[in-house]
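Chemist: Read top to bottom, the protein sequences are chains V and Z. 1395 is the number that the numbering used here gives to position 10 of the first sequence; each next residue is one higher, with no gaps. 76 is the number that the numbering used here gives to position 72 of the second sequence; each next residue is one higher, with no gaps.
No wet-lab data here; the hints were simulated from the structure. Heads up, a few of these hints could be off.
[Stated by the list, open to error] Okay, the calculated bits of chain V under chain Z, using three or more residues with CB under 8 Å as the criterion:
(1) 1394-1401
(2) 1426-1437
(3) 1450-1458
(4) 1491-1499
[Claimed, not checked] Heads up, incomplete: computed chain V residues facing chain Z, CB under 10 Å, no partners named:
(5) L1445
(6) Q1468
(7) S1472
(8) L1476
(9) P1488
[Claimed, not checked] Listing some non-contacts, in silico: residues in chain Z with all C-beta distances to chain V over 12 Å:
(10) P14
(11) L17
(12) E20
(13) F22
(14) L23
(15) N26
(16) G45
(17) T55
(18) E80
(19) S87
(20) N99
Just so you know, even glycine gets a beta-carbon here, dropped at the ideal spot from N, CA and C.
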Amino acid sequence: GAGVSQSPSNKVTEKGKDVELRCDPISGHTALYWYRQSLGQGLEFLIYFQGNSAPDKSGLPSDRFSAERTGGSVSTLTIQRTQQEDSAVYLCASSLRQGAQQPQHFGDGTRLSIL
Amino acid sequence: GNSVTQMEGPVTLSEEAFLTINCTYTATGYPSLFWYVQYPGEGLQLLLKATKADDKGSNKGFEATYRKETTSFHLEKGSVQVSDSAVYFCALCSNDYKLSFGAGTTVTVRA
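With the hints as constraints, model all of the structure from the sequences given.
Modeler: Structure, rendered in structure tokens:
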């Protein structure tokens, strides 16, 4: 498809398990972002990739969270030893290139529920 | 740091009513401003944007003007429809390329 694709759309797991969330950005987009949407916290920035530059990880809430982007395209967000407070919708976005004027296009998100 | 404040909802309107959602911001540098919309059961979609002072963004009958003097970017629509029922988010992007979002305003339009 033409849009940002995220998988799985829903994930339910037990506390303490590791999870991997996948994002496939729009073809040709060099910038990729992860955000989290949760009740009480709204939409929060997590991490940003631009081309081959070092990612901006300043929004990651703890060292249990990590992300990588292979080949400048697909990205995976990994949460280790999940906690109940990690329950949220994780959103991925991409933009054609970096820049404050570039609109970010969002996927439908992965709804993560930690039991 | 950057922050966005938008009017709290929920907002309930009748069809064909006038809609305004207030949004103000604080930011370093010269931010770009955006309105995103999230329809029920769907993901975030870009509604409109403005990248410099006095720019007016418009789409689907919605408008917002970038007012640097009042640090505002209020969203307006002259005649809403039931299909406009959604959550609306004001957002800014500055030199760090991260979007900072407002809390969102839930709008319900009754037939």
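Chemist: Next step is simple, just say for each hint if it's right about the structure.
Modeler: Consistency of the hints with the structure:
Residues of the segment 1394-1401 of chain V lying with their CB closer than 8 Å to a CB of chain Z number 0, which falls below the three-residue condition for coverage. Counting residues of the segment 1426-1437 of chain V whose C-beta lies closer than 8 Å to any C-beta of chain Z gives 5; at least three are required, and the coverage claim holds. Interface restraint, the segment 1450-1458 of chain V with chain Z: violated (0 residues with C-beta to C-beta distance below 8 Å; minimum three). Counting residues of the segment 1491-1499 of chain V whose beta carbon lies closer than 8 Å to any beta carbon of chain Z gives 4, which meets the minimum of three for the stated coverage.
The interface hint given for V:L1445 is violated, since its Cβ lies 12 Å from the closest Cβ of chain Z, which is over the 10 Å cut-off. With a least beta-carbon distance of about 23 Å to chain Z, the hint placing V:Q1468 at the interface is violated under the 10 Å criterion. At about 18 Å, the closest approach between the beta carbon of V:S1472 and any beta carbon in chain Z exceeds 10 Å, and the interface hint on this residue is violated. Because the beta carbon of V:L1476 sits about 7 Å from the nearest beta carbon in chain Z, less than 10 Å, this interface hint is met.
Residue-level restraint check for V:P1488 holds (minimum Cβ-Cβ distance to chain Z is 5 Å; threshold 10 Å). Z:P14, annotated as away from the interface, keeps every beta carbon of chain V farther than 12 Å; the closest lies near 15 Å. Once the 12 Å rule is applied to beta carbons, Z:L17 is consistent with being away from chain V; the minimum gap is 23 Å. Z:E20, annotated as away from the interface, keeps every beta carbon of chain V farther than 12 Å; the closest lies near 30 Å.
At the 12 Å boundary, the C-beta of Z:F22 stays outside the reach of chain V, the nearest C-beta of that chain being 26 Å off. Its beta-carbon lying about 21 Å from the closest one in chain V, Z:L23 satisfies the requirement of being farther than 12 Å from that chain. Non-interface status of Z:N26 relative to chain V is upheld: no Cβ of that chain comes within 12 Å, the nearest being about 17 Å off. Under the 12 Å C-beta cut-off, the non-interface status given to Z:G45 relative to chain V is violated; the minimum distance is some 9 Å.
Once the 12 Å rule is applied to beta carbons, Z:T55 is inconsistent with being away from chain V; the minimum gap is 4 Å. Taking the minimum C-beta to C-beta distance to chain V, about 20 Å, the non-interface status of Z:E80 holds against the 12 Å cut. Distance check for Z:S87 against chain V: the nearest CB is about 19 Å away, which clears 12 Å, and the non-interface claim stands. Listed as outside the interface, Z:N99 is inconsistent with that label: its C-beta sits roughly 7 Å from the nearest C-beta of chain V, within the 12 Å cut-off.
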